[in-house]
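Those protein sequences? They're chains A and B, same order as listed.
With the UniProt record's numbering applied, the first sequence corresponds to residues 1 to 568, in that order.
With the UniProt record's numbering applied, the second sequence corresponds to residues 1 to 568, in that order.
Everything labelled a hint here was simulated from the structure, so no lab data went into it.
One thing to keep in mind: the hints can contain errors.
Which copy is meant is left open, so a pair is good if it fits within one copy or across any two.
Listed below are the simulated SDA-like cross-link pairs for lysine to any residue, each with C-alpha atoms no more than 25 Å apart in a straight line [stated by the list, open to error]:
#: 1; residue 1: Lys-289; residue 2: Gly-78
#: 2; residue 1: Lys-71; residue 2: Thr-518
#: 3; residue 1: Lys-235; residue 2: Gly-161
#: 4; residue 1: Lys-289; residue 2: Leu-559
#: 5; residue 1: Lys-88; residue 2: Leu-312
#: 6; residue 1: Lys-519; residue 2: Ala-444
#: 7; residue 1: Lys-71; residue 2: Asp-196
#: 8; residue 1: Lys-71; residue 2: Val-94
#: 9; residue 1: Lys-235; residue 2: Leu-326
None of these values were measured; they are calculated from a predicted model.
2 protein chains.
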Amino acid sequence: MSPHFLWSGLVILSILVCQVSALWPIPRTMSPGNSPVKLSSEFDIQIRFANPPADLRAAISRTKSSLFSGKFERLVLGRGSADADLLKDARTLVSLELSLAAGSPVRSIAEETNQPIEAKSESYSLSIPENNASATISANSSLGLFRGLATFEQLWYDYEGTKYTLEGGADINDGPAFPYRGFSFDTARNFYPVSDILRTLDAMSWVKLSVLYWHIIDSQSFPLQVAAFPELSAKGAYSASEIYTQDDVRRIVQYANERGIDIIMELDSPGHTTAIGAAHPELIACASKSPWSKYASEPPAGQLRIASPNTLAFAKTFFDSVATALPGTMMSSGGDEVNLPCWEEDGETQADLTQRNITIADALNQFVETVQGVIAAHGKTPFIKSDMVLTHNVPVLNDTVVVVWQTSEDAAAVAERNLRFIHQPSNYFYLDCGAGDWLGNNIAGNSWCDPFKTWQRAYSFDPFANLTVEQHQLVLGAGQMPLWSEQSSPENLDSIVWPRLAAAAEVFWTGATLPDGTKRVGENATSGTHALARLNELRYRLVDRGIQAIALQPKWCVLRPGECDLDS
Amino acid sequence: MSPHFLWSGLVILSILVCQVSALWPIPRTMSPGNSPVKLSSEFDIQIRFANPPADLRAAISRTKSSLFSGKFERLVLGRGSADADLLKDARTLVSLELSLAAGSPVRSIAEETNQPIEAKSESYSLSIPENNASATISANSSLGLFRGLATFEQLWYDYEGTKYTLEGGADINDGPAFPYRGFSFDTARNFYPVSDILRTLDAMSWVKLSVLYWHIIDSQSFPLQVAAFPELSAKGAYSASEIYTQDDVRRIVQYANERGIDIIMELDSPGHTTAIGAAHPELIACASKSPWSKYASEPPAGQLRIASPNTLAFAKTFFDSVATALPGTMMSSGGDEVNLPCWEEDGETQADLTQRNITIADALNQFVETVQGVIAAHGKTPFIKSDMVLTHNVPVLNDTVVVVWQTSEDAAAVAERNLRFIHQPSNYFYLDCGAGDWLGNNIAGNSWCDPFKTWQRAYSFDPFANLTVEQHQLVLGAGQMPLWSEQSSPENLDSIVWPRLAAAAEVFWTGATLPDGTKRVGENATSGTHALARLNELRYRLVDRGIQAIALQPKWCVLRPGECDLDS
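Bound conformation, chain A alone (with noise of 0.2 Å):
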């Protein structure tokens, strides 16, 4: 091809994308419309069935409240005015009518957010008309439908109050390539409000995902307030106004169910574990022990004494209080970055081991099989971080779902066990890297996975690279992104995480490739552009909302689709 040719055809593709829909992540299939339609000043969303649950009725009462509050003009040269021709003779739509499909049981969103995760509908269909019927959303459940409104609340246009899409005639049938779509939170590295945390459950909404793993509690502090072991958190916690009480957790787990999201709390055990040893310092092996590199991946040292039978007792107890408080049906004992020379060197561990007559890996395996147990006994799905398995060789339950994390190569050697995973590969969707070291003295350090993932390395991703055909049913999600707080808190949390996250979210959503089947990178340049122009209108619909997402260009780029291209 030459290079005339090519270009030119990027001058027809940027046309096209000034002309479709930027929704965000893109509809499994979708025929554009291609007309405008203004809403009506009347317009109101009704519920086509009875006694629908409340959570349902609020959902459109927030999507009413977003639409008509929206200030987000299109990005194109003129933003609203461009359009001010297009509508003045637009028909105007009246009513979105949300139906169930015959025979569907009438179910709150937070009701079906909370089964099994294999056992839930999110599949919608949604049409705009260019007459003045009504538009329509129908699904096989309350989470379908919530899932619709998602994707209605994306196709509006704020011009001098006037709210208006072009995609009259639209036809949309969406549906999850994978049912979990994860955002990994550390609150214990340094704490977040409880409003950050309300905040970021919406825009994870906005962008359909599905599951929020919360990494409450680590080594450097103990947020969480747990019913049967209070004093975890009153001496582990950074502070007393640094604790998510029972009453926050009940709140925020409610907050997220109610918007489709499910919580699964990781537990992180038997390393990153030190804080416990505030209240529990007799459970706690190698606690501050120094150097801390000997003995964990950062500091401050120290492990749950594994070996101990108070530890065990301890275990179980603390997993069931938690569980307990959790409506939730996965639920993570994490054990991540184990460290040997910890217990080696830990004297209390050798006598019990001595005394007990087993090795370290039969306690690290009794460990992990009691937590497994407790999760298991509470009807809950257990997860497990990979190098456990993989590393440490440790038998899980066999319906455990593996969070592989190290690198996306591991993928591979988690479904030849057979076992389910999530992707959350630290060299492609680690939020946190490529800031340099937090450690002092480290002057000329580069954080431990280094570079800096940019959104389209995350868009990059794909959740089938070296696995068999037979293998891809294990793939539970295409993953989960994680933000690491070591060098973040509540003042960066939105621009380190956003647009980023709706990146991976559009893999989450729409799976090895994108809907018409071509690869969402690579060879193939113009799906890159593609996505560009579709995020950066996310992006800005994300700070319209409220959300204080990173520009992913300057605006004369952003107005401009394909103008900014590396060969344009």
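Knowing the structure of chain A, use the given hints to seat chain B on it.
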């Protein structure tokens, strides 16, 4: 040295760190205090000379307000409660007295800020008594007193409403190593509201920065309202609401000057000017020509037609109109990244060159001579970007200040030409590096100045590297940290700038070494630790005062200086 001995040394150091004041930038000389002093609820700041200027009185009022409203607790285990016992018998400070040295003129902070940069007096002395006497700040100028107030503000902690310092008995004699301590701010790639600039100016004054170098316009947008050419912003700004009106500029300049900050406006030319073409297409060569990469460093292509007499006439009026509106004594014509193929392929430029029988190099020299002439005619010192001198060998006025930006290696070459300069090296100070490429279709792309510039990297800068002792006097500023806004916007302004700009500000204030003569970082790793503890405190103070500065470490580490060092 044995590892054990080294480790002991670090422990001792970390104890010291907890005791010494965490002032940032560190004063040039300080004998630390050793007793607690509480702020009386009657505390007031008195001016001990006649007819004090209004902006000094306003600064005092802000200082009092920040002292009484501050909620920052000392960063030790237990936070403020750790000092509760100390405070029981602490003496009370009732007043701070500001005095000018005998014979000093009484002028406003703004007036003094607008003096020639070499003539400014920013030094001050500050004493905190151990007994019930008054604290004092003395200086030769209102500007010096203002710098002293910034130091005074950093001495105080809050504990349950009690404001106190541990520096009773401290004496500080302080002044800057360099008069030019800058932040360069690009408001053209993406626009920032006036309020963002004002907030940034406040934070800059807290760390004693002296110059906002305002890169206000560029090829992507022209947000500056110019009296002589109102059409430039009317047509070249992103929108009517993304313009800095003449009133906005006056307000910003006044706000800055009252805070000891001079404003240099950069009218970057002849490159980086495409947006001028929105109103005056006749002035721009190769406007938006494709492929942009042949004609410009980033899209869109476009440069002033420097060979045209019309352009020279425009530039003269343009610079004159902007210079007239600015009280400062410095102004920049930029000049980076001019592109020769743009002019070579521009028919009108070639015709002008032929008609006038000059080369493009002659035209460039004339252009720079013209704009520098206007700047000089306004009594201002001209600034220029280093490639104009080093790459294009353009003759400049003798008092020109060169902004050395491409790499720190260029400073020596500029010094050889016996020109004054400021350091703004992309390999140390660029805030925008390391977040991937913003060009479309460059999936695996890096930023051009990878990697991310950590605070440690900025902090390790040596302003005298590769210079002879005789050349040291040419360093007007150890430098300037720039924010280029291709991937920044109001949403991440604070988090991309702070606290990294503060790290640089200490280099700018203290010079090539720490005040005690030790190297700032490098072989002597203890300096890094010392700096980190103080910078952590500064960062928490910034957050307390409304700046969304990024966390440098988990709070666990912040509360335990040295314990998260690489080998602790």
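A quick look at each hint next to the structure:
no.	hint	result
1	Lys-289 / Gly-78	between (62 Å within a copy, 21 Å between copies)
2	Lys-71 / Thr-518	neither (34 Å within a copy, 55 Å between copies)
3	Lys-235 / Gly-161	between (52 Å within a copy, 24 Å between copies)
4	Lys-289 / Leu-559	between (55 Å within a copy, 17 Å between copies)
5	Lys-88 / Leu-312	neither (71 Å within a copy, 46 Å between copies)
6	Lys-519 / Ala-444	between (38 Å within a copy, 15 Å between copies)
7	Lys-71 / Asp-196	both (23 Å within a copy, 21 Å between copies)
8	Lys-71 / Val-94	within (20 Å within a copy, 51 Å between copies)
9	Lys-235 / Leu-326	within (23 Å within a copy, 57 Å between copies)
In this structure, the hints that do not hold are numbers 2 and 5, in rising order.
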